[in-house]
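Protein chains in written order, with our numbering: chain A, 7 to 388; chain B, 7 to 388; chain C, 60 to 236; chain D, 60 to 236.
These are computed hints drawn from the structure, not numbers from a lab.
There may be inaccurate statements among the hints.
Stated by the list, open to error - Using 27 Å as the maximum straight-line C-alpha spacing, the simulated BS3-like pairs for lysine-lysine come out as follows:
1. A:Lys42 - B:Lys101
2. C:Lys198 - A:Lys311
3. A:Lys101 - B:Lys101
4. B:Lys311 - A:Lys101
5. A:Lys171 - B:Lys101
6. C:Lys198 - A:Lys265
7. A:Lys379 - B:Lys101
8. A:Lys379 - B:Lys291
9. A:Lys101 - B:Lys123
10. D:Lys198 - B:Lys379
11. B:Lys101 - A:Lys123
12. A:Lys373 - B:Lys123
13. A:Lys168 - B:Lys101
14. C:Lys198 - A:Lys221
15. B:Lys311 - B:Lys291
16. A:Lys101 - B:Lys168
Stated by the list, open to error - To give a feel for the contact side, a few chain A residues facing chain B, derived at Cβ under 10 Å:
17. Ser55
18. Val111
19. Asp116
20. Lys123
21. Ser317
22. Asn320
23. Lys321
C-beta: ideal position from N, C-alpha, C; glycine also.
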Amino acid sequence: MRLTGALFFFGIGLFTMYSGYAAEPFVPERMTVETKIRPGPNAFVLDQSWNGVSRINVLSTGDLSTKGNLSVGLLGEFTLTKDHKTAYTTSVYPKRIISGPTEAVLQEFDVESLTVKREIIILPKMAQASPQITMLQLSANERYAYVQNATPATSVTIVDLKAGKVLVEVPTPGCYGIYPALQGNRFSSLCGDGSLTTYTFSEKGVLANPIKSAKIFDAETDPLFMHGLRAEKDLLFTSFNGNLYRVSDATDTPHLLDKFAYTEGIEGGWAPGGVGVMAYNPAHKVLFVSMHPDAEEGSHKNAGKEVWAISLANKKVLYRSVVEGATSLGVTTGDKPMLFTVDVDNGVLTRYEVDPDAKFAAKFSAKVESMGKYAYLVWVDD
Amino acid sequence: MRLTGALFFFGIGLFTMYSGYAAEPFVPERMTVETKIRPGPNAFVLDQSWNGVSRINVLSTGDLSTKGNLSVGLLGEFTLTKDHKTAYTTSVYPKRIISGPTEAVLQEFDVESLTVKREIIILPKMAQASPQITMLQLSANERYAYVQNATPATSVTIVDLKAGKVLVEVPTPGCYGIYPALQGNRFSSLCGDGSLTTYTFSEKGVLANPIKSAKIFDAETDPLFMHGLRAEKDLLFTSFNGNLYRVSDATDTPHLLDKFAYTEGIEGGWAPGGVGVMAYNPAHKVLFVSMHPDAEEGSHKNAGKEVWAISLANKKVLYRSVVEGATSLGVTTGDKPMLFTVDVDNGVLTRYEVDPDAKFAAKFSAKVESMGKYAYLVWVDD
Amino acid sequence: MLKIIEKLLQSLDKRTEARMRRTADIAGRRSALAKIGGVLVGSALMPILPFDRSLGVAFAGDAVAETSCDYWRYCALDGTLCNTSGGTLTSCPAGSEASKVSWIGTCKNPTDNKDYLVSYNDCCGKAEVNGGTFCFTNKAERPGYLMGLHNDINWCMANENKGYHCTVAVLVGMVDA
Amino acid sequence: MLKIIEKLLQSLDKRTEARMRRTADIAGRRSALAKIGGVLVGSALMPILPFDRSLGVAFAGDAVAETSCDYWRYCALDGTLCNTSGGTLTSCPAGSEASKVSWIGTCKNPTDNKDYLVSYNDCCGKAEVNGGTFCFTNKAERPGYLMGLHNDINWCMANENKGYHCTVAVLVGMVDA
Numbered sequence: 007m008r009l010t011g012a013l014f015f016f017g018i019g020l021f022t023m024y025s026g027y028a029a030e031p032f033v034p035e036r037m038t039v040e041t042k043i044r045p046g047p048n049a050f051v052l053d054q055s056w057n058g059v060s061r062i063n064v065l066s067t068g069d070l071s072t073k074g075n076l077s078v079g080l081l082g083e084f085t086l087t088k089d090h091k092t093a094y095t096t097s098v099y100p101k102r103i104i105s106g107p108t109e110a111v112l113q114e115f116d117v118e119s120l121t122v123k124r125e126i127i128i129l130p131k132m133a134q135a136s137p138q139i140t141m142l143q144l145s146a147n148e149r150y151a152y153v154q155n156a157t158p159a160t161s162v163t164i165v166d167l168k169a170g171k172v173l174v175e176v177p178t179p180g181c182y183g184i185y186p187a188l189q190g191n192r193f194s195s196l197c198g199d200g201s202l203t204t205y206t207f208s209e210k211g212v213l214a215n216p217i218k219s220a221k222i223f224d225a226e227t228d229p230l231f232m233h234g235l236r237a238e239k240d241l242l243f244t245s246f247n248g249n250l251y252r253v254s255d256a257t258d259t260p261h262l263l264d265k266f267a268y269t270e271g272i273e274g275g276w277a278p279g280g281v282g283v284m285a286y287n288p289a290h291k292v293l294f295v296s297m298h299p300d301a302e303e304g305s306h307k308n309a310g311k312e313v314w315a316i317s318l319a320n321k322k323v324l325y326r327s328v329v330e331g332a333t334s335l336g337v338t339t340g341d342k343p344m345l346f347t348v349d350v351d352n353g354v355l356t357r358y359e360v361d362p363d364a365k366f367a368a369k370f371s372a373k374v375e376s377m378g379k380y381a382y383l384v385w386v387d388d
Numbered sequence: 007m008r009l010t011g012a013l014f015f016f017g018i019g020l021f022t023m024y025s026g027y028a029a030e031p032f033v034p035e036r037m038t039v040e041t042k043i044r045p046g047p048n049a050f051v052l053d054q055s056w057n058g059v060s061r062i063n064v065l066s067t068g069d070l071s072t073k074g075n076l077s078v079g080l081l082g083e084f085t086l087t088k089d090h091k092t093a094y095t096t097s098v099y100p101k102r103i104i105s106g107p108t109e110a111v112l113q114e115f116d117v118e119s120l121t122v123k124r125e126i127i128i129l130p131k132m133a134q135a136s137p138q139i140t141m142l143q144l145s146a147n148e149r150y151a152y153v154q155n156a157t158p159a160t161s162v163t164i165v166d167l168k169a170g171k172v173l174v175e176v177p178t179p180g181c182y183g184i185y186p187a188l189q190g191n192r193f194s195s196l197c198g199d200g201s202l203t204t205y206t207f208s209e210k211g212v213l214a215n216p217i218k219s220a221k222i223f224d225a226e227t228d229p230l231f232m233h234g235l236r237a238e239k240d241l242l243f244t245s246f247n248g249n250l251y252r253v254s255d256a257t258d259t260p261h262l263l264d265k266f267a268y269t270e271g272i273e274g275g276w277a278p279g280g281v282g283v284m285a286y287n288p289a290h291k292v293l294f295v296s297m298h299p300d301a302e303e304g305s306h307k308n309a310g311k312e313v314w315a316i317s318l319a320n321k322k323v324l325y326r327s328v329v330e331g332a333t334s335l336g337v338t339t340g341d342k343p344m345l346f347t348v349d350v351d352n353g354v355l356t357r358y359e360v361d362p363d364a365k366f367a368a369k370f371s372a373k374v375e376s377m378g379k380y381a382y383l384v385w386v387d388d
Numbered sequence: 060m061l062k063i064i065e066k067l068l069q070s071l072d073k074r075t076e077a078r079m080r081r082t083a084d085i086a087g088r089r090s091a092l093a094k095i096g097g098v099l100v101g102s103a104l105m106p107i108l109p110f111d112r113s114l115g116v117a118f119a120g121d122a123v124a125e126t127s128c129d130y131w132r133y134c135a136l137d138g139t140l141c142n143t144s145g146g147t148l149t150s151c152p153a154g155s156e157a158s159k160v161s162w163i164g165t166c167k168n169p170t171d172n173k174d175y176l177v178s179y180n181d182c183c184g185k186a187e188v189n190g191g192t193f194c195f196t197n198k199a200e201r202p203g204y205l206m207g208l209h210n211d212i213n214w215c216m217a218n219e220n221k222g223y224h225c226t227v228a229v230l231v232g233m234v235d236a
Numbered sequence: 060m061l062k063i064i065e066k067l068l069q070s071l072d073k074r075t076e077a078r079m080r081r082t083a084d085i086a087g088r089r090s091a092l093a094k095i096g097g098v099l100v101g102s103a104l105m106p107i108l109p110f111d112r113s114l115g116v117a118f119a120g121d122a123v124a125e126t127s128c129d130y131w132r133y134c135a136l137d138g139t140l141c142n143t144s145g146g147t148l149t150s151c152p153a154g155s156e157a158s159k160v161s162w163i164g165t166c167k168n169p170t171d172n173k174d175y176l177v178s179y180n181d182c183c184g185k186a187e188v189n190g191g192t193f194c195f196t197n198k199a200e201r202p203g204y205l206m207g208l209h210n211d212i213n214w215c216m217a218n219e220n221k222g223y224h225c226t227v228a229v230l231v232g233m234v235d236a
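Just chain A, same shape as in the assembly (with noise of 0.2 Å):
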């Protein structure tokens, strides 16, 4: 055999090559990266570890097709500002990954080019949880970001974003989550007394004194989940038992405004369980919440067997469509909804279109295996 290619090892500048076959010539090819992923909405999904790299993959929301992943630390978690455009994750470094001093750094990425922007060293208290939104917050103006901490004891590092660095620690004492509020440097957490308590910070860093609601739930017979959602003004929370309770963070004192269980009169032991177990749509004002049946003490993290969707204008529930399994939820916000489950038990997204001329029943349109054995969380681009 002769080699044609054998100038090419060799030739600097000489690249068009002839073989002996035809008169084709042959042209050899050049490797690219890609500088943008490809366009359209996509789906975020966490998929987090313990003991290595945790990722989050980027799919098109159209045909589920993978655009590429931002890779991150352990114990992985991730925001998104307002317009999808920039990302924000939390996770540790261990110098040697599983044991060692720990590093906890904030990596800011540019979500079109998934690429780091920038890292920003947080203190190493940062929580080691498992995913959840109320994790990693922004701020109302985004220029703060809000890392939840815990040594056990737990408080919120408030990181500068513009200044690119550590501002202050607020200590939340027997409360967890982060619950940003839609205006000023202020967010709230759910405390383990029944209440949301509500924390200020002045650009300089002072605290304000905390002001404590009264109590809201009672988190031995009606645990709320973490996982609270924004509708409108005000903050949505589902108990483990199928209660809505609908407070308002807007004035100085946050307080519940409502409160219904959206179970009542529904046979088969049904309640929500699994992590994001809430998505909302503003557009219809519906809520979607993942359902197990035979519910008992200690179901509540049970994937889902159906996603309900409730009218939070009448407060019924106006559809329960069967699902495969969903531990959490995400939808799109506009007029034609798309729902998304991502079930980590084994670990498959899903992705419903959800008509609101019939009832918002929530029909299956395509699916993706292999989103990692911890893939927890969802968040989509309308």
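Mind docking chains B, C and D on chain A? Use the hints.
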């Protein structure tokens, strides 16, 4: 409910409490940490990761129960001292796991306690290679560790274990794999030109001129697997085609002693395949080889469907045992050999009893699953 | 029952809050916890309590194996069993270390039909073994606002070496009905 | 065919050996490789060669999908396909970087029945995506003593960011029978 144990929360020194139930005293249990692994011979299974912790799982060869693990960095390689009391690993700890500067570390472990005794930082050019026994070896007197490098140009880092630091880097251009000599500060490496080249160094790190053998094999037509073994004073290699090479490295210039085709006259196109394709039992001078049928160019990593027992004395295949899938082999050295296989495709470790009175037939006796996604190699105690 | 634990945790939180204002140092936190003592501080128990496996023996007639997730002590255990990782029901595998803090379950022993407080301590500083038994039960588990009942977090968090290896289930109290 | 590559690699090795004695620095090695030029130095090609996908188009009639491990170019590819990871047959996914070095396969194109040299470059600096297609083919693959034909190694080894993301298959030469 009244909490009898309440005292326990606050009372230090008052830990014996009585329940209302009968007269049986409640004695709180105490958490402890095992100081030693359970006694008895071990199997060491290396599960290598490229984006997190590599593990060496330590199991009882008796019942295949787990005794614990060694957890190291990415691209982990492993070796044992002759007495199997001390283990060494090499692995890398990049700053951001999958990005940033690489720190390559040799770690020394006490096998009985599964604890790290020390770390030695080595050259970051350590080969980022799939598991191979030839990537990390010890010198004859176990004073030095030899670490394979690749940038991709190849070299070997010699680590002085007495001094606890790197002694010298030995360029080994065109050669790969480390085969320590039985005596002296010396090792050989397999070269693409078909030779074995021997490298000698002094305690001070002065390198002698390498000594290259005559051509022993043809890398194009009869390539050798890296997985060379020591058989008495000689080195054994098998080619992809099933030729067994017996090489001497005892004198200054390594040389071929013998070569024979163990597949000759056997139907079915059998050839060796996998990673740790051979294991040797010195008590009987019997070699075990992982074999697959219908071999063709490119099938050399196929898992074995049979393990062949080959007598080195009369150069005959004694027995062909059917196995479930064998990427790598390990065998005890004594009179009644136990054979172990790992199959990287399904993460299974399997044990076979070998009967010397039945031509070294290997009979399945136990297996354990879930040894990892990349369980490549197995080492066994006697 | 939960209320009592809740109050204890609040008390703990208040004390640690006060301390936190003086120092953010982990060692400081550790000694604060040690002074309060008790369930959340596994290692603090070790020098005090004699090793005693009598309860294990007493329940040996139990039909469910200690390596099964259905074993009664594991009613709120999210993790890999240490007794399938080289350790035992109450001991960490060799080469790992006991977590300094833990979460608590309340599980009913089918033998005497009584509720026991179970301290789920993680063993730390190594990755999980391959092939260990992973359990995921959540009886009386609560979100992190009741941190001492929460299991969606790495309880190796207060150790220097935070790698999660496996979880033990240690009986530390008894609930008198 | 293998002999030719072997000789080229030996030549390469001799030159780098000489260089290594002067410096063990990676940047030094990289420029040594760049001077020799060619297949092992993927990134060196990038500023020189215009992007051209005509071969891809010419073979569009090919029955086997480019996302299948059976696609002809993948005859010696041990890795995850970049075109199932956000990239294409010849491009790395956004946010990753091209490996500076690569291994070579020789694969027969069923359309013209000719052998092509395929440079398998890794894309680096990220972990693999979940759900990418993993291929494991080894035609004319050889152990590391013929390093340029070896695929049991991380070809991100010469990059600063060595995390393995995925592998592309770039046609860089043609073998004249």
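Hints and how they fare:
1. Restraint check for A:Lys42 and B:Lys101: the C-alpha separation of about 26 Å stays at or below 27 Å, so the hint holds.
2. Straight-line distance between C-alpha atoms of C:Lys198 and A:Lys311 comes to about 20 Å, which keeps the hinted pair within the 27 Å bound.
3. Taken as a hint, the A:Lys101 and B:Lys101 pair is honoured in the structure, with Cα atoms around 8 Å apart against an allowance of 27 Å.
4. Of the supplied pair hints, the one linking B:Lys311 and A:Lys101 is violated, its CA atoms being roughly 42 Å apart against a limit of 27 Å.
5. Taking the CA atoms of A:Lys171 and B:Lys101, the gap is near 20 Å; set against the 27 Å cutoff, the hint holds.
6. Simply put, C:Lys198 and A:Lys265 have alpha-carbon atoms about 25 Å apart, close enough for the 27 Å limit, and the pair holds.
7. At most 27 Å may separate the alpha-carbon atoms for a hinted pair to count; A:Lys379 and B:Lys101 meet this at roughly 24 Å.
8. Between A:Lys379 and B:Lys291, the direct Cα distance comes to roughly 45 Å. Violation of the 27 Å bound is thereby established for this hinted pair.
9. A distance of roughly 17 Å separates the Cα atoms of A:Lys101 and B:Lys123; the hinted pair therefore holds under the 27 Å criterion.
10. With a CA separation close to 23 Å, the supplied pair D:Lys198 and B:Lys379 stays within the 27 Å bound.
11. This hinted pair checks out: B:Lys101 and A:Lys123 have alpha carbons roughly 17 Å apart, not beyond 27 Å.
12. Distance hint between A:Lys373 and B:Lys123 is unfulfilled; the C-alpha atoms sit about 48 Å from each other, more than 27 Å.
13. For the hint pairing A:Lys168 with B:Lys101, the CA-to-CA distance comes to about 25 Å; that is within 27 Å, so the pair holds.
14. As the CA atoms of C:Lys198 and A:Lys221 are separated by approximately 24 Å, the hinted pair is consistent with the 27 Å bound.
15. At roughly 23 Å between alpha-carbon atoms, B:Lys311 and B:Lys291 fall within 27 Å of each other, so this suggested pair holds.
16. For the hint linking A:Lys101 to B:Lys168, the alpha-carbon distance of about 25 Å falls within 27 Å, and the restraint holds.
17. With a least beta-carbon distance of about 6 Å to chain B, the hint placing A:Ser55 at the interface is held under the 10 Å criterion.
18. A cut of 10 Å between beta carbons decides the hint on A:Val111: the least distance to chain B is about 8 Å, and the hint holds.
19. Checking A:Asp116 against chain B by beta carbon gives a least distance of about 16 Å; that is not within 10 Å, so the hint is violated.
20. The beta carbon of A:Lys123 comes no nearer than 14 Å to any beta carbon in chain B, farther than 10 Å, and the hint placing it at the interface is violated.
21. For A:Ser317, the suggested interface contact is broken, since its CB lies about 40 Å from the closest CB of chain B, more than 10 Å.
22. For A:Asn320, the shortest C-beta to C-beta distance to chain B is roughly 40 Å, which exceeds 10 Å, and the interface hint is violated.
23. With a least beta-carbon distance of about 35 Å to chain B, the hint placing A:Lys321 at the interface is violated under the 10 Å criterion.
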